[in-house]
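Chemist: What follows is each chain in one-letter form.
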Amino acid sequence: MAELVAVIASTHHPFYLRASTATGEERPPFADEWVRKVEGFRETLTKANPDVLLMVGSDHFHQLWLDNMPQFLVGHAEQYDANWYNEEREFGLPRMHMRGDRELSGYLLREGLDAGFDLAFSNELRIDHSVTCPIITLRPQNDLPIVPVYTNIFAPPLPQPKRFVQLGQAIRQMVEAWPSDKRVAVIGTGHLSLELGGPRQFGPHGPDPEFDARAVEWIASGDLEGCLSEVTLDSLHAPGNATHGFMDFMLMMGVAGEGRKADYVDTLDLFHTMEAYFTWYPNGAPA
Amino acid sequence: MSKYLVNKFLFTVDRDPELVEQYREDPRGTVAWWEQERANHLLSCTTPEASTWLAFEDHEREALATHDHVALFELGAHPFLTLTLFIAMFERDYDEPLGYQLRYGEALKHLSLPYADIAT
Numbered sequence: 001m002a003e004l005v006a007v008i009a010s011t012h013h014p015f016y017l018r019a020s021t022a023t024g025e026e027r028p029p030f031a032d033e034w035v036r037k038v039e040g041f042r043e044t045l046t047k048a049n050p051d052v053l054l055m056v057g058s059d060h061f062h063q064l065w066l067d068n069m070p071q072f073l074v075g076h077a078e079q080y081d082a083n084w085y086n087e088e089r090e091f092g093l094p095r096m097h098m099r100g101d102r103e104l105s106g107y108l109l110r111e112g113l114d115a116g117f118d119l120a121f122s123n124e125l126r127i128d129h130s131v132t133c134p135i136i137t138l139r140p141q142n143d144l145p146i147v148p149v150y151t152n153i154f155a156p157p158l159p160q161p162k163r164f165v166q167l168g169q170a171i172r173q174m175v176e177a178w179p180s181d182k183r184v185a186v187i188g189t190g191h192l193s194l195e196l197g198g199p200r201q202f203g204p205h206g207p208d209p210e211f212d213a214r215a216v217e218w219i220a221s222g223d224l225e226g227c228l229s230e231v232t233l234d235s236l237h238a239p240g241n242a243t244h245g246f247m248d249f250m251l252m253m254g255v256a257g258e259g260r261k262a263d264y265v266d267t268l269d270l271f272h273t274m275e276a277y278f279t280w281y282p283n284g285a286p287a
Numbered sequence: 001m002s003k004y005l006v007n008k009f010l011f012t013v014d015r016d017p018e019l020v021e022q023y024r025e026d027p028r029g030t031v032a033w034w035e036q037e038r039a040n041h042l043l044s045c046t047t048p049e050a051s052t053w054l055a056f057e058d059h060e061r062e063a064l065a066t067h068d069h070v071a072l073f074e075l076g077a078h079p080f081l082t083l084t085l086f087i088a089m090f091e092r093d094y095d096e097p098l099g100y101q102l103r104y105g106e107a108l109k110h111l112s113l114p115y116a117d118i119a120t
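Listed in order, the protein sequences are those of chains A and B. Just so you know, we're using the numbering used here here: the first sequence kicks off at 1 and counts up by one. Just so you know, we're using the numbering used here here: the second sequence kicks off at 1 and counts up by one.
Keep in mind that the hints were calculated from the coordinates and are not lab data. It is possible that part of the hints are untrue.
[As the list claims (entries may be wrong)] Computed footprint of chain A on chain B; a stretch qualifies when at least three of its residues, placed anywhere within it, have a C-beta under 8 Å from a C-beta of chain A:
hint	segment
1	38-46
2	95-102
3	114-120
[Stated by the list, open to error] Taking beta-carbon pairs under 7 Å as the criterion, some of the chain A residues facing chain B (in silico):
hint	residue
4	66
5	67
6	86
7	107
8	158
9	198
10	199
11	201
12	202
13	282
14	284
Glycine residues also receive a C-beta, built at the ideal position from the N, C-alpha and C atoms.
All chains should be built: construct the whole structure from the sequences, respecting the hints.
Modeler: In structure tokens form, the structure reads like this:
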């Protein structure tokens, strides 16, 4: 059976590449600390020595649109082009290319459908910064095949938070039951409190530091019950109008498991939103 | 209500560098041309296929034609779409980092929760 060697959850800040590579007067004052934290976080994946990355993210109206919007979609392609014109324009992200793992994609689709998740699929998915940002931060050599799993956290009506958790739990079970000798890391990115296009955007901190502190505690301690008791589709508007991306963190809590404390936790308080980094090792931390 | 169509305008203009410039320079003309020529174009079809019924309501057309991002927010346009397109058009007019984004938020300060529903 396949081995789930790491479960990793983080924010995906599209300005990291630009900040970390800027020099001279262009380099922001927080860049060095940000780089140090990301490099420490990266080591948690490197140590796990995975063969394939199952990557949970969300399309930001790049390929998936309101004329035909899937709630959960599995990429089923041999290769993935990545990043879009308006991401180059706004964030300075480069066009990228990744290999896929169609065997794992097909397995997840079949098993996921049979487990009661009506998964959509795409044989030509161009992925965006929700997946490329964690490649840039966690695996910049970009040498591993991926399977992207996209969730809708963006275009109401959205699935309920518990559905994200259930999908995460199912992904954990499916990966561990996969008849393969591969070492799989599941990586998902989401948001803490975040406001985009509203009155509270781009402040000196995230729009709701209190929510961020609670959220980090829920994730770090694996407190799924506490999290689900407080988080609803309606409540997520209060910390910021883009905070529904937190449901991708909840999905990753489902992958990690109820009550499972994260083996690695770090945060960075930035303008605009708080960065947060979590790693679990299901079979114990690698030496 | 045609929030879907407002979002479709923002979405399709944001993805086309020439249209971004056209909308910056001539918002009213661009909105009129787009509604006439593009509004009903089915995006998922490779050959030109169209719906027959999509049209802006007057206040939506006016908000787009006047670059009124506050009105668009109040109408329930998807805030991510409005923000990214407006950054593409107007960030260049400000010297300081995030200068435009901060002013964009400031113009919405009179609004409080609950914000307009963005469901289409």
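Chemist: Now, for every hint given, state plainly whether the structure supports it.
Modeler: Here's how the hints hold up against the structure:
Using a Cβ-Cβ cut-off of 8 Å, 3 residues of the segment 38-46 of chain B lie near chain A, which meets the minimum of three, so the contact claim holds. Look at the segment 95-102 of chain B against chain A: 3 of its residues bring a Cβ nearer than 8 Å to a Cβ of that chain, three or more, so the hint holds. Coverage of the segment 114-120 of chain B by chain A holds. Counting CB-CB distances below 8 Å, 6 residues qualify, and the rule asks for three or more. Residue-level restraint check for residue 66 of chain A holds (minimum Cβ-Cβ distance to chain B is 6 Å; threshold 7 Å).
At a threshold of 7 Å, the smallest CB-CB gap from residue 67 of chain A to chain B is about 6 Å, leaving the interface hint in force. Because the beta carbon of residue 86 of chain A sits about 6 Å from the nearest beta carbon in chain B, less than 7 Å, this interface hint is met. A distance limit of 7 Å between C-beta atoms decides the matter here; for residue 107 of chain A the minimum to chain B is near 28 Å, and the interface restraint is violated. A distance limit of 7 Å between C-beta atoms decides the matter here; for residue 158 of chain A the minimum to chain B is near 9 Å, and the interface restraint is violated.
At about 6 Å, the closest approach between the beta carbon of residue 198 of chain A and any beta carbon in chain B falls short of 7 Å, and the interface hint on this residue holds. For residue 199 of chain A, the interface hint holds, the least distance from its beta-carbon to any beta-carbon of chain B being 4 Å, beneath 7 Å. Hint status for residue 201 of chain A relative to chain B: holds, with the closest Cβ pair at about 5 Å, below 7 Å. Contact between residue 202 of chain A and chain B, as hinted, is supported at the beta carbon level, the nearest pair being about 5 Å apart and thus within 7 Å.
Below 7 Å, beta-carbon pairs count as interface contacts, and residue 282 of chain A has none with chain B, the closest being about 34 Å; its hint is therefore violated. Hint status for residue 284 of chain A relative to chain B: violated, with the closest Cβ pair at about 40 Å, above 7 Å.
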